[in-house]
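Following the hints, complete the assembly by docking chain B onto the known chain A.
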Amino acid sequence: MADITPLRTAAETGLSKLFEATRMKYPTGVSIAREEAFRYFEAVGLPTRRVEAFKYTDLRSAFRDAAHPAEMPAAEVAARAVADAKGFAGIEAVRLTFVNGHMIADLSDLGRIPAGITVTPLTQALTDGHALLEKLAPVRQASENPIYQLNTAFLADGVLIAVEPGAKVETPLHLRFIATGSETFSTATRALVVLGEGAEALVLESHEGPDGVAYQPNDALDVTVADNATFRHARLNAEGREAVALSTLSVKLGAASAVETVNVVVGGVLSRHQVYLNFAGANGRAVVNGAAMLNGRQLADTTFLADHAATGGVSRELFKTVVDDAATGVFQGKIIVQQAAQQTDGKMMSACLILSDEGQMMNKPELEIFADDVACGHGATCGALDEDLLFYLMQRGLPKAQAESLLVQAFLGAAIESVSHDGAREALIGTIEAWLAARG
Amino acid sequence: MIEIKNLVVAIEDKQILNGLNLTVNDGEVAAIMGPNGSGKSTLSYVIAGKEDYEVLDGEILLDGVNILEMSPDERAASGVFLAFQYPLEIPGVGTMTFLKATLNAQRRARGEGELSTPDFIRRVNGAAEKLEINKDMLKRALNVGFSGGEKKRMEILQMALLEPKFCVLDETDSGLDIDALRIVSEGVNALRAQGRSFLVITHYQRLLDYIVPDVVHVMSQGQIVKSGDKDLAKALEASGYAEYRTGEAA
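Heads up: the protein sequence lines correspond to chains A and B, in order.
At position 216 of the first sequence (counting the first as 1) the number is 216 in the numbering used here, and the numbers step up by one without a gap.
At position 35 of the second sequence (counting the first as 1) the number is 1035 in the numbering used here, and the numbers step up by one without a gap.
If you're looking for bench data, these hints aren't it; they were derived computationally from the structure.
Check each hint, because a few of them may be wrong.
As a list, the in silico BS3-like pairs of lysine-lysine whose alpha-carbon atoms are at most 25 Å apart [as the list claims (entries may be wrong)]:
hint, chain 1, residue 1, chain 2, residue 2
1, B, Lys1165, B, Lys1139
2, B, Lys1005, B, Lys1050
3, B, Lys1165, A, Lys400
4, A, Lys135, A, Lys168
5, A, Lys364, A, Lys347
6, A, Lys400, B, Lys1100
7, A, Lys55, A, Lys364
8, A, Lys400, B, Lys1226
9, A, Lys347, A, Lys135
For reference, chain A alone in the conformation it holds in the complex (with noise of 0.2 Å):
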């Protein structure tokens, strides 16, 4: 038979025409791992349903044109919309600014880095050849991932930030990348987080933009947890309602190591935040969470992922999501047990509350166990909000969207009592009030 060449769409020609435009502007050593990356999604291009792991996102229509790259703001431009940015705002944070995927030093608390904290923009990490940029992609299967390679083959700005062995850092570090503009882009960022030996951090991570823009941001988080550290992690995706975000979340983890990480997203009219974890080390612990609220013509999928190596890992995940209107939820999750990973406890669980008659949500569980001795399971559920419990509350005196909100309310704080800084959970909290309040 004869091979068939996929026609390749707009998006992917002008992809390749845009990395062909910056492909010289790097170092020789990252020039090389863009070019691979690129040549990697060249050859699988943007992945339509027939591919299993984007059968319910199809990326290809959803990126009709490829966005130009954003350029470094001006810095009265980035100043504006710093000023009007609301992701963990109220928190007391070290602050790492990012406008159109660009570092803004000037509004970054570089100067006032905690004891124990090494940052460096990845820029000057990419100029200088940092020796942690060894540490990017630690888990296999992003790097199989067109939209993780996609990001490094774009790849502009980022940070490093390296936590030394048995610093327990008390300040979140706050990553706040905020789009502006009126015309559309795209943006490539990466931070790498690198926890010494029984260190101890905590990452905010927020996401704004713009409604009514079609901007394409992709960025990744790739984290390596050493022995007995713990890397707590919470992301606010409230991008613009037109937007279409990638995000790619890695995290190797060392022996006894613990990672908390939830993910709220509001924003997007097309989402997808892919978490991958490996536990390398025995005995490593993680609980991963997600909430998600939809309306209009949304789609958020997440796509999850364990692979446990080692003996004796923990994971727990709860995920949440609440659709309305003609809006689409997914969840794709897997708990791999390799052989060796005997006293594997994994329970993954993926909860949809549908509030409209067009409203749906695609789940798909999966367990690979190669080992016998282990305890995984999963569940998934999808339903309309309780008539009864509905009818209680308004018998005591609740309006029908007062009884509604406060039910809703329940049903997702459920994925978010995990993150245990106040301040970051009382603002996630403060997002599903306002989503709700705003649905009257």
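Frame of chain A; chain B shown alone:
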């Protein structure tokens, strides 16, 4: 005063209430007794405004206003309170959050100002103490992990805080041991007042030893078939409902 006139109600094409007439005067405690399937719980849900029921005829007047046109929350704000036979568990909703939301929602609906937090807490603690509800229960999600008796006490706590005009107690005695029955009954008795009336629905006379009714009605086949004083309940306890079952399948 609540007046129910010629109430005809069906659920899924099955007629449950067949022209029911009932008046409960201000300050009165009326008991409704009757066999299984006579429509007692239906009556309580229709008064509170549950959607599943179709009202085919009749009216329910609370102080002269027909509440059948109102949504359940509007009825609540007008003073209707239903103590559920099976209070619902609401995971994720803290008891205090719930109490404050309901109290303030009703106050807002009546055009009253919201309670300050200290005032709210003082009221809750005062009412909780009388019902032997400990602080730990108030810290948990509403009714989650509560025993049957704790749930019923929580219902009475809400009744005490919301200060309704007309309270319907739907088989509040079900699932209660003697001690819980005493606590719940004392809670209800403490709320008896000139401007407040009660409709106490029960299968058993025992509850009426604790909450002594002014009037006892017997319900059968969706109608009030006999009314009397508290001695009627005692007579029923001795004779059973046999004489009221005519026309029903054995």
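A quick look at each hint next to the structure:
no., hint, in the structure
1, B:Lys1165 to B:Lys1139, "28 Å, violated"
2, B:Lys1005 to B:Lys1050, "18 Å, holds"
3, B:Lys1165 to A:Lys400, "22 Å, holds"
4, A:Lys135 to A:Lys168, "21 Å, holds"
5, A:Lys364 to A:Lys347, "14 Å, holds"
6, A:Lys400 to B:Lys1100, "16 Å, holds"
7, A:Lys55 to A:Lys364, "10 Å, holds"
8, A:Lys400 to B:Lys1226, "38 Å, violated"
9, A:Lys347 to A:Lys135, "28 Å, violated"
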